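Asker: Using the supplied hints, reconstruct the complex from the two chains, each of which is provided in its own coordinate frame.
Heads up: the protein sequence lines correspond to chains A and B, in order. Position one of the first sequence corresponds to residue 3 (my numbering), numbered consecutively onward. Position one of the second sequence corresponds to residue 222 (my numbering), numbered consecutively onward.
Hints are computed from structural coordinates only; laboratory data are not their basis. There could be a bad hint or two in this list.
EDC-like, lysine to aspartate or glutamate: derived pairs with alpha carbons at most 20 Å apart [stated by the list, open to error]:
1. B:613 <-> B:571
2. A:204 <-> B:473
3. A:72 <-> B:758
4. A:48 <-> B:602
5. B:506 <-> A:33
6. B:472 <-> A:196
7. A:43 <-> B:490
8. A:75 <-> B:598
9. A:175 <-> B:490
10. A:175 <-> B:491
11. A:30 <-> B:513
Across the chosen pairs, the derived CB separations fall in these ranges [stated by the list, open to error]:
12. A:98 <-> B:814: 39 to 49 Å
13. A:190 <-> B:471: 15 to 25 Å
14. B:336 <-> A:215: 53 to 63 Å
15. A:239 <-> B:609: 56 to 66 Å
16. B:682 <-> A:125: 50 to 60 Å
17. A:804 <-> B:328: 57 to 67 Å
18. B:814 <-> A:128: 50 to 60 Å
19. B:676 <-> A:801: 45 to 55 Å
20. B:682 <-> A:65: 11 to 21 Å
Predicted model, so just to flag it, every value in this text is computed and none were measured. All C-beta atoms, glycine included, are put in the ideal place defined by N, C-alpha and C.
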Amino acid sequence: MTYISPILSSTLNKKNNTNKASENHYNKIYEELTRHANDVKPNAPKARLIKGGPVHAVQNTIKDTKNFFKAVKDGKLSDNNLGRINDLGMKFGALLIASFLASKAKTKTEAVMQFIGGATFFASMSLWPKLFINLPARIVHGFDIGQRYVSAQGDEKDFFLDNQFVPWDAQPKEELRKIGKRTGIDYDSPNGEEKIKEKMRKTALQNRTLGMATAGFATPLMTAMVGNAVEPKVRDIIIERVYKKAKDIITPKKFYEQDGGGSIREIGKSGLEDYLSGAKADVRNVDGIENLFKEYSDKNLDKNFYEKLCNMLQVNTPVDFVKERNGELAERTYQMFKDLDDYAPIESFRADNLADVIRSIQEQTAVVDEQSLKDALKKLNINVDIADYIDSANKAVSSKTVTVDVDGIVNDFANSADKTIGGLKKILKTHGLDGVQIGTVEKGIRMDNAPFFEVIKKYNESVLPEIRGRFKSYMDLFNSVMGSKTESKTTKEYLMELDKLMKRFNFSYDDLKEMTNSGVESSEAKLRLVKYFEKFADKTKSLTLEEYKKELGNFLSIPLDKDLLDTMEHLVDPKNIQSITENAKSTGDNAFFKLLNTAFIGENGNRKSGLIGALDRFKQEKILSLDAIKAKALICSNFERRVESLDFKRALEETGLILSEAKKAGMTPEEIALNSSIPYEDWIKYARSVIYDGSIAKDACNANIGDKTLYETLKGIIYNPKAFEVEDVILNGAKEGREYTNFDIKGVVERLKNLNQSVKEGKNDYSRSLSFSKAVSERATAIFNNKSWKRIFVPMTVALIAVTLLAQPFFGNIKKEFPEENKNGGTK
Amino acid sequence: MSINNVRLAQVPIQTYNTAAPEVQTKEPAEIKGDYQLTMISPLLAQMLLAQSKKITPASVSNVQGVTEAQKRVSGYKNELRDMLTHNKANIIAVILRTMNAQDKDGNELIQGDEISGNFINAVDRLDEIKDLGFNTQHVLPIHPPGKTHAMGTAGSLYAPKDFLTLDPELVDENPPEEVKKRVAELYEQKTGKKLEKMDKNDPEVAFAQCKYYIDECHKRGIKVMLDLPSCASVDFARLHPELMAIGPDGKEKVPQGWQDIRMLKSFVDEQNRILNKPLVDMLKKYVDMCVDLGFDGIRADVGRARPVEFWNVIINYSRAKDPQFAWLAETYTHEDASPQLNMPYDRPQELLEVGFDSYYGQYHNYSDWLTADVLFDYVKENIDMNNKIGEKCGPKSLIGSFATHDDQSPMLYGGAPWVMFTTILQSMLPQVNPYIVDGIQTGDFYLYPYEHALVRDSETDNHECTVHTGRLDIFNKSRKPGGNSPEIAQVVKTAFALRDNRYNELNPNSNVKLSMTNAQDVITKGSFIKLPTNNPEIIAFARHKDGKTLLFVGNRNINFKVGGKIEIPGLKPEQKFANLMPSYGAESKFQNDKQGSLVVEMGAGRACVFEIDDKDIEKLSKPENVLQQKYL
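Isolated chain B, as found in the complex (with noise of 0.2 Å):
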């Protein structure tokens, strides 16, 4: 038996937090070479094998070592890829340079003496976003953006003039005393040397500071992503020439509709598949870097920009510094959803296979399926998917991509009442971590004032306040993110709770009472249950697991009540109804038929969860009707 053999691919992958499982044991083999044997723990072994399944050389397997950044926090340890896997994050994404700006004037553009967001006073917001449930935390891009051909004053998030250093405008140059203690004894650490001064020109300061900000989140149980661009600003590539991907009429790549970014070279020959070695050095060391600074994952912007071959160097490399270092993949279901010149097609299942843990999928387009029916569908084909690549790699996820940087904010579609049906549905929704754009828990239409305005004073080449109309700003130091309706916060935070097993807890002297004690088990393992309904617009469902039952029922129309009837096979006649959720909007009905089927006139855009009793409806239900994601 080669050594080979004992990369084991064969072994099922675990999750990190389970009960140590009984290791298999191999004969021992004719080891050549420098190899040697070793003795290690059981529980190790198993972990380390499984994660170093994708790693071709038997001599490379991954290691658990403790990082940095579990060094710094006491108590703090990353799970955020079995969060991710096991459908337990609740993701906010947040601009740091924004995420707490303080625009004094009301113009809603940072300038002058006004505050721009920086990794000191976004920490001020954390308590805040850890109330409502986000248990992680999507970091767009901090690098520093390039400045030449620059889109808005502040320069585009996604155009890095330097993936290997932060933003020296998220430093905060004057913190409270007990941060810049913090900061400088995180400065002396990795450099060795006394903190002179909190200048924001010294890139370790920024480092300093960052590690500050996540350590903050660690401490509150908030996991944090890094977002990885996937193409470089103008400055960029006039300084890396060798990393920078040319069309055959020898010019730089450049995705289309975005002048201000250039693509990044994959391969140095794409027809034999051979990678370009100085890229995907640089992407190590991004790794690094984000180890080091504590991140627990990776968000990769245009996750199907790079090849298979590439995230399978990359992924595993992270994989080995850390194992439950996370990667999200921002990639589509189907392969020509966001067609863009010069960008390969979105095929998540390969990039699933080589590493990723969960990926973006399709719910952006959620506003256009007008009935159930296209949801479940929708539904099945992932966890279709998950079902039939699981063996092989273990559970993977979606986020609950209803709305993303890049979309519209949802505010201008279907208002308040659209946001709330979108965050029930998503935190009941199997094999979905709930993702939020930060701002739209508080209804942001993301509408900027400054649209496209013409300001003297710019940092880049650019004096347009580029905006896209009703998208999150990336472009320009904008206002602190956010709106005026805080009822969807409330919608938020129930939602999460009820996943976290909170929800007693959250509504102590609520009339309503969850009796199950593990609903989180019930949304983020149990099946999923299409219920029959005669009106295509009402989404029906269930959620169930040992015996426990949690039912969805919500108007998908938006502008009209609705009314129907849906069948619940093996619903009791004296089953009530107590919806868990906020109330919103106009008043709905529920009344059991005593007949099997539960008779709903919902409000528009209105959205409920029950705890029914209702231990059959699995077996009871058509079995096309019932999905259950496996390898959980």
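Here chain A stands alone, though its shape is the one from the complex (with noise of 0.2 Å):
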């Protein structure tokens, strides 16, 4: 039992009555429903306004990525996420492509700069309506159009992403008001919401129809203007980062402080040269060397011996035997090894071995004489049962005798300076062995030293590997350093100083670009020359040489050492000015400018006559430490190419070549120089027009520097243990002439006349850095071109930015008011 409204019960009660009481019966619960309507509430929306920003940007990405995999790995993903992957298709896309397109770049720039375009493109996709749309709205119309929401479904979205749906329940109203008092609208008045929404929901529209009207221009030029404004920058980090770490890389402290130990100096320097010089010949303990692989022969090489062998070498190098197993002292057992070829030396083998091998030869070719035989092939460790073979070897015994003269052999070898077994081949052949006979002898002392070569294998099975990839790495590194000429230090002080100079003479690149065309009669540019040096021609009437060439540098703006000045002393001589300036007064510009033209750009076909090919030089010399760098980086690059390609013999004789030659001769490499014909200043002179100068012959340099004798001159400069100290040290020795001692200096000498005459026919096309008239060519170029594209692009961009700030009064307007208010209905 219960108790119930009086209706209801009237209702029960009336259960039969007539349709009108009835139909007044619910009418009654009617007008208590509407009375009641607004009992009820619309559920709180889900929807929330979110904040944007770099960080959400990043974390959208994380997220879009995460959302790929679960769907590449589920299947399961929603319509807008499934949208949002296509945004970051095209960010992954963008990567690639600009990853292809840098894999193709001739500059580190260029290639960096695929990057920063890709960037920069979706950066200007982002801004340009953030800025040019989103902001200005916001000033004019007080709301962000560019809000971004979550969805019921947790999806995120602009809010005004979709014109026939706004979720607007997600938007507070108290911000609603607010944008009506900024939009004129009361929020209070009659439909004033709605007006309010309505007027945003335009606003948004036209925005974004703006928006997407204007990004296929906006983009793009954004993204240019923004790639060039930041190329530059970009060009000179990559500069600058390039040649400090070239520096670093080249600085001999930090060279040799690479892991291994400083490999190239100890091979180029310490090892060869040591060894070559017979100072440390007397280190091998050949017996006790000898019996320490005996007795390792069937086990592994382990601490003890390299301990052992260390001290047999009398390396006394403290021994970590984890660093020495790929370190120097695996690098000094093969530089002592590495030349038994020719040069091993035989003096510590006894010579009644030395003997017996020879002897054996000569009963070989003769009688056999068993014992001897035997005895002999004791002394090898031999053992087998020799009968058979004697007596085939008897069968095969010529008519042919040969006597060797055993005694005279081991003799004139223990007299002989030479103590290597190409010393021995000399002897051998001296004596009357032929070839084969003196194979026979070289294997026989070499199956005597055959545990030496067994530490070469293994050196090269387990060192050769690891010596190659630190190679490879400084490899790397050079070729990273290295840049292309548009991004060399070179280049990018060249262009600095062409800046200063075409400040000071007011000039525009596209001044300069006109002076170079001599037909082009007169321009601002050229007067406003005229008017410098007519000031300059005046101003220094009356001085004398010296004081003139000070006013000079004054003048240019440009400090200008003994060299620059004497070149430049005739083309700006004082009287020369004057007679320019006269003859300009009397014949006109035409003539005027050819002459000015001469003086400073320099007459067709001969670049390095004008101010700029002086200047040009100038630098040359400004920074030849630069490119000393350069060309030490060119040789050690060159010889680990060797070692890279597994040329490591041939790396090394390189090396040490000139230091072999020279004791071949006989003679000191400073005894070589003193008796050349050719002064040191020439060559050096040479080898500086070949280094600094870019002027070395293309063809002549394959790969790095192709051409051998000019390749082992550099190598020179750069294993002088002197010029390993600073920088200066080189330069100062290449001036000086005296720093270098181990040439073959007539070979070298010739072989850069040979590179002269190249230079001189026109084929000096190779240079690590544009030289510098080349370089004003090409900025000027640059710089009209980007003066004319900008003379294109930037009033169209200043008039698309005009066009989307002076749309936004007449966005979103709206009736002020509804035509009528309707005054009819309402439960109120």
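Answerer: The following block contains the structure:
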């Protein structure tokens, strides 16, 4: 039993009453319901507004990436997220395209700009509407049309993404009220809220439409402009980084502190040089080493082995087993045994051994002396039954009987300074042994030295790959260091100097370009130049030459050193200037500017004759230090190239060749130098011209420096111990011409002469930097292009921006009032 | 204790059919004013109180009157609300003006002396509909269409010129004698006057014929829902400016893409959410009309077009008149699923909370859901919502809106196999009332040869036969819906028979017999168990209740055969698999691997249902794979 309302009871009581009564009853219910219609409220919205920002953007990208992999794995993804993967795809696609283009780029700047360009494109795509659509709209209309929200399903979207569905209930009423105030619509007026919403919707729609309409132009324009602005900075950064890296690598201290303990130095200097000089020739306790190797013939080399070996070799470096396996010791051992082919000294071998070996050959070729052979085999550690062999050997004995002067050979070898296999072979030859016989002797000797070769073999298997790896990393570094013409430090400095000059004369690059064009009769720039020179000529009329030179330096705003001034002296002699200006007055612009062109730009086909050419050379001098680094890098990289191609022997040979040659010739390098008929200054000059001026013939420069003689010259510079101290030592040395002692000077000079001839023949196209005049020309072209580009696109961009800004007041207009507010109805 | 407490929202909702629960007894309260205390039966009180739950003033509570329709048909009673909320409605959507149209010349357009569909000839199709297993009709709008700026030559069904009268074109002026006699009786009952002439221009004749039609439905156990358009025609707008929504631009609001209709104004003051009373009044009359005609419920077109406050009044008012009056909202699950300018968000939860029993959801997007997980996630989303709000407002359901009249014919997507696949699928899904648009049951492509043709005779100001390609024609008097795939009807019939516990009765001679006696409970109340597969295109789930289990296995791929393995926790090695559904398409193979899995190879678009003996499937499945709709 329960209690219920009177109406209900009435209904029940009147179950069978008339329809009219029933109608009244329901009408009452209805009226009651309408009075309480608002007792229910819509559910609170699940959608919510969110704030954006770069962090959020990154979070979104991470989320998209996760979603992508989730989708790949599970095949589950909402439509919205699927759509967003498109954005992700664009980003990754752009990255891939940029990577591909970067791999094809000719310069580092170009490669980096591929990525910056991609990123800028996306940034522009995002920034354009933010800066030039959303921001003005916000300023003018008081709300953000780029507002983002998270929908009830958890998808993040633009609030005004869908003009047909705007999630208004996520927008706080207070915010609407504020926007209403800003836009002049009273929130509390009839339909005020709806009007505000409509205005917002319309404003957003119009702005988004404008955004879409302009994005096609704006995004590439912004990208290009930002890219243009950023590129020089990027290039500068890259140049500085490369330069620093190069310096770091080449700086002796760091260079030799690389892992492995300075292999190049050791190999190049201590190792080979000391070895060849014979200073450590007596360290080889052959018997001891032989026994050591025998001891380890069937086991792995361990720490003890290396320690014992080190002692035997008198290597005083503290032995760190792990390190040494791959480091210094390995290199030292290799160094010591590598050249046994020809240079391996055999003076430590017992003379009777040698005699036995030689005798055995004699016996083989004549009558076989069984006992002698047995003895020889025993000494060679060969335990075989030789009875059959002797039989067959005796049968094979030819009628030719060779008498070998064993004692003579042994004595000759003992008295010889050259106690190498090579030396032995020479002696054998002089004693009438033929090639086969010499080979047999050599083989015998080698058999006696088998354990040494075993070391080399082990070394090659375990240590060489490590060394090769290390050199590979050097090589990579060098390659990365070298950069390219357009982004070298040299080019940068050229351009800086050029900028100074341009500034001094108030020239634009267009002016410069125009001036180089003799077909143009006159220009503003030329007139300015005339005035400058007139002024200068007036001012310097009464000066002495020295005073004049100083004044010229000031006039050009460039510090001029002796060389440069000497070069320029003729060109900008006060008399010449005077005659030039006078000529200009009498003969007109054309002749005058021809002269000026000659003075500044140089005559056609002879760029070096003008001021710019002079500056070019001046710059060459100024950046010697940089070029020295480059030269070293070139050589090092070439050395490593040898190593890389497993031509380790040649790499070492090349390194030590000069020392070797000097030694062979029985002369010190100094002596060679002194005996040369060509003054040091000349070959230094030639060397500098090919190294520093970049004037080496291209076809002589396959892979870095293909010219062997030049390479060796440079190598000499590099491996000169003193040259490692500081950069200046090389430079000073180059100037003084005294430090280069290890040259085949005649060969070098001859070669350089040839190269110089190539230069004269105009084959000089090899350079790690742009020539100054080339840089000027390219810079002028680039600036001109930029200017032309800007002339078209900057106004276009400005116009676009203007349109977006000026359009704002016209956006979002709605009729101020409804035509007639509906006064009917309502339950209020 | 005030009388307000008597409203007792706390009283759990009980279904109409359930046995009388113990009634909570409340202490007598001091009643002020004109109120008085009355004792009523516990059962009735319980029900009425539950129905009155939404009504704020305690003075208003629902009552159960005997409706006019109930009086007219012996043995009939409205149970549609229960049917919908308990997933027991099998719905067919029909357009009366085409339902049994007679296109003699085969041009598919009803012209000249050809007879369009009407209240009387539609009755001829009722036995067919009943035979297929449908127990509910969604009748698309039957009001006179507006003629100005109209779409099509007959005017859009959703552009009513008047909400409170019926389309005279639906009147049969020459019905058979016995029908005429019955219509005359109905006419006289309502008007108190004798029917002189079966004049289609007499609105009461249309009402009487409509009643006749509805009564015939009721006689066959078919419930009828009327479609309430969300907007009005231009003609209506001109006659009722006070009811029309005006945009900030001073113009009438037009839902994007529908130039023939204008939006109604729900609020007179939206900021303060004050309803537009004249509109509420009109809809109140609409409800009166529906109840009077005998409709069992209303399908609210674009349910989101009216605010919750509005429905709070109208739905509860209808329930006061008929507690079983059902409400189906055309609204989607995701608020921006169907963006349309001038239309608010879709937010089904608040509509369900305010009184709607069932809603459309988004199964119409199923063709985009390429893997089983998307479907399962969606099922879960809806069951979670039901369970969240169920305590407060009872069970809520969806319709199997795999294709509605707004969608292109599913025949265009995957032909008859696809339709059969989705039919079996929706008949097995939880929280779903299967829903099929008339014509689809035989494979209508809804392709009309007269599309966009200009015709001389038009009932509107438009002479172009507007048609939305591939969609059921709602703009012209078109031919009777139907296609050439009768096999679909067989599937519909079998699937619905299984839902209605008539499976064995339907297939008396079949080798496959259903051993469980109450498949309906398993399908409408049982748990939903997602079964792991190694192929995302294989849809596999079990329905389980009280130890009884039905298994659904389908190949979502409509183009290719797929194979895979389905893990069935508790599967017995000796379990045999006999498909309860008609076979179609490529042969499918099923093999019990005797290790707890079913290995399948299924033809494109094949769907099968098996009865399996697996009492523990629910217990043995991972908890996250088991979903249970509560409050049923």
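Asker: Any of the earlier hints contradicted here, and which numbers?
Answerer: Hint check: 20 fails alone, others pass.
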